[in-house]
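Undergrad: Now for the letters of each chain:
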Amino acid sequence: MRFVELMILAMLVLISLMVAITVSVKVLRTVREAWYKSYYRLIEPALEQYLLTNEPQPELERLRPWQRDRFVSALIVERMALLRGAGREYLMKLADDLGLVGLYLGALHSRRRWKRARAAENLGFFGGPRVVGPIAELLIDEDETVRAVAARALARIGTNEAVRSLAHTLDSPSEITRLRVAENLERIGHPAVGPLKESLTDIASLGTRKLNGPVMAAQVLGNLRAAEARGVLKHAARNAAETDVRAQATLALGKIGDPEDVPALLACSRDEAWPVRAQAANALGMIGEVSSVPRLKEMGSDDAWWVRRNACFALANMGPEGETALLELLHSDDRYARDRAAATMEARGFTRRAVRNLTKPGRRGARAQDTISILIKIGATRYLKDLAENMPEGDNSDALREMLEEPMVATRREEAPPDGATSSASSANGSSPDGDLMEGVPSEGAIEGKQ
Amino acid sequence: MSFEWFVLAVNYGILGYFLLLNSFYLLLYAVSFFEITNHSRREVFSGFAELFTSNYAPPVSVIVPAYNEEATISASVRSFLALQYPLFEVVVVNDGSKDGTIDVLREEFDLSESDQPIRIQLDTQPIKSVYASASERMIVIDKQNGGKADALNVGICAASYPLVCCIDADIILDEDALLRLARPMIESSKVVAVGGIVRVANGCEIEAGRVVKIATPAQSTPNFQIVEYLRAFMAGRTGWAVMNALLIISGAFGMFRRQDFIEAGGYAHDTVGEDMEVVTRIHRNLRERGEDYKVAFVPDPVSWTEVPATLKVLRRQRDRWHRGLMDTLIRHRKMLFNPRYGTVGLLAMPYFFLFEFAGPVIEILGYLALVIGFAFGFLNVQFALAFFIAAVGLGVLLSVASILLEELRLNRYPRWSDILKLTVYGVLENFGYRQLNTIWRAYAIVSFLRKNQSWGAMERQGFDPAKKRAAKKRSQGTA
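Residue numbers (this note's numbering), protein chains in the order written: chain A, 2 to 452; chain B, 239 to 717.
Just chain A, with the same shape it has in the complex (with noise of 0.2 Å):
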């Protein structure tokens, strides 16, 4: 009797502790937010007028270190992410002054991991270049947010130690620090080519081990459209021994897009595995030089879709030659090849405008009416069903609706029917059995521009 109703006794205690802390706590928040207020009021001017004059305000001296702690630094914070040039020397100076410089960097040591983190953060914007090293011993933190939040630091900050701190990073185990680190490092820009490619040097002598740093590195200089990297990494776009690493290297070749790089593209579209191919045939694409056209075309029979699909891409980048071999590519006895070509010439309008060149005279109108009929023959008539239907009335529209009528040539097909698992769309259209679309799906790092 007595234990059962200690019992209810205990929950009836229990609930009623639950429901006043629930309302202490809405009344805490709400009388914290007024104080924090007045706080702000008393403050926000003071910080005005140091800028204006960049001398010393009372009103700021006399606060307290917690008062320093909790609202200066939010309001310096707040503005340096605003300012430029001589007001963020004046803010950074007060923060030193004030002592906050000083208090971070200790605070930089603590044991609560939200305390290290925030230290870092506040000293990323006004702890200057004096608290890069303190700030790059976070990078290996057991705490990944602290480690995310000390590579944002150190970017902000950006001087060369800076960066080559954060260039060491990259081959963190923590897939999140790499992530962060190589964000950051990108946003850094122009600063960073350099601990970057020291990175990605001698890689070839590094094996087989996975290598998180040099594929990042890649990536980065890649997107930073790096020139001054160009030899390190058609380096490792053809030495490396990571699939990973080259594909990243040639992609980044393609990003920077020099000419002269197409040589060693076209040594890398020949490579064994084919993240490098399928990267390759992009990159071939994005610098658009005629002299890949022979190589693209052939990589349109590749035994990769993504080959096949990034250098059908690529040949509708580079102007009349490569549609001239996307044409050809319809003639192709592989039709895989012939289905991708067509593909591309749909997405990229050609098809488009060869209708619309129906019934124009002389060489023009020969070639519309010889793309057509190609595509017709080998059955990739879903689309040009779809213009006949669509397209205003007119002698274009009459033509290929005739072409569409006309009784059907024997088509080349002897392969076996699409694959059964292919949709209903494609299937009727014909023209993308695309059979082994996901065929060694690359990995989101090995491969971008998939769309």
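Bear in mind the hints are in silico, worked out from the structure with no lab data behind them. Just to be clear, a hint being listed does not mean it is correct.
[What the hints assert, rightly or not] Under the rule of at most 20 Å between Cα atoms (straight-line distance), these lysine to any residue pairs were calculated in the SDA-like manner: (1) Lys-27(A) - Leu-658(B); (2) Lys-689(B) - His-507(B); (3) Lys-532(B) - Asp-144(A); (4) Lys-386(A) - Lys-366(B); (5) Lys-116(A) - Arg-65(A).
What you are looking at is a predicted structure, and each value in this text was computed from that prediction instead of being measured.
Starting from the structure of chain A, add chain B where the hints point.
TA: Here is chain B on its own, set in the frame of chain A:
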């Protein structure tokens, strides 16, 4: 064995059952409390602004199944297209709607038929047409009717990007919902699926597909559900995710890695609990392959849905949910107590079998045994009080604790009155509403045994003025 002994044994057994159940809930709550506290502190340093402009965030395909959504689809899709994320596409799947859903989409988004090849890697109903938009990053797939699971499967096959986010057409998302949901996947390739909190939008003010003012509704039924959702999502799912044993990612808002999802076989067509089934299957597949993976849960409140406002509709919903749960558990019974499936086999499956599947029957049995025990004079007042503490008192404690967690860590209800109101509903919920739910779920067991596979109509009142206006405009136009 005498009748008295039998009644007493049942009563004590059920008392133990309630103590075990609520102790488990309390344990989950404690785990969730620490996880949400940690999450909300980490949130301060999240750097979402940076993530929004990051080149390293994998692109996302947002899959929106639509069936007879003519009135609202345009406003919904526009709100999805306005989400903040570096690169994403919207894939709308018109699941053989009988109304003008496809015409509205074609008209509003400048769609034209496309030859985009779609490799159907899952078993689905045939596709009639694929449309692409000239002005927006979206495609629309018009297919024969096959149900929500079928539509989602088609959408996932058509998705161009490695991450797929499955959402209901009528869900309301915060602008940064995709960023928040995708973040665990961006930060770790081990994360194969992420679920997010779904909140109750009834009572909130909504403009242009966004919640602009959060408040509780005037009606009781949705308020009870707010407390339920807070408890289920915050105290329940967060805790399960910490143990990597989360079996449910709401069909209204969840993200998956496309490749893993397709390898698992996509959503099952022959169940009404396809969202739970697919997550359980993903767990099963990956654990059988011995992979190191994680199914995560983001406790950020970023998606909002309209819950049933009447008991009639709520009954249908709960009936369907329970049938879906039972179906999933029976399909994957092999995992029960099987150490090969880790925490899923040893903890989550037994919990769901014992407390969720069989829970309603045991609870009803408990109430009956209590009444019989009293009627025949086998039980005394002390036992009744102990039963009350175990069955109701701990339930009240958990509900109130969930509201405390909401206020302490997430703080999404700005008004005092809302928090007080929810606290009152948290107490009242355990006197009537909970028992009603138990009866509905018990009925669902009968329904399940009768092989009922129906979804049951889900009438919604609608709450987005923009959508209502669009619907009105469209109906006037049709007239």
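Undergrad: Now look at each hint and say whether the structure bears it out.
TA: To see whether the hints hold, each was checked on the structure:
As the CA atoms of Lys-27(A) and Leu-658(B) are separated by approximately 10 Å, the hinted pair is consistent with the 20 Å bound. Only pairs whose Cα atoms come within 20 Å are accepted, and Lys-689(B) paired with His-507(B) is accepted, the gap being roughly 14 Å. Under the criterion of a C-alpha separation no larger than 20 Å, the hint pairing Lys-532(B) with Asp-144(A) is consistent with the structure, at around 19 Å. A distance of roughly 15 Å separates the Cα atoms of Lys-386(A) and Lys-366(B); the hinted pair therefore holds under the 20 Å criterion.
Distance check on the hinted pair: Lys-116(A) and Arg-65(A) sit about 19 Å apart at the alpha-carbon level, within 20 Å; holds.
Checked against the numbered hints above, the structure breaks none of them.
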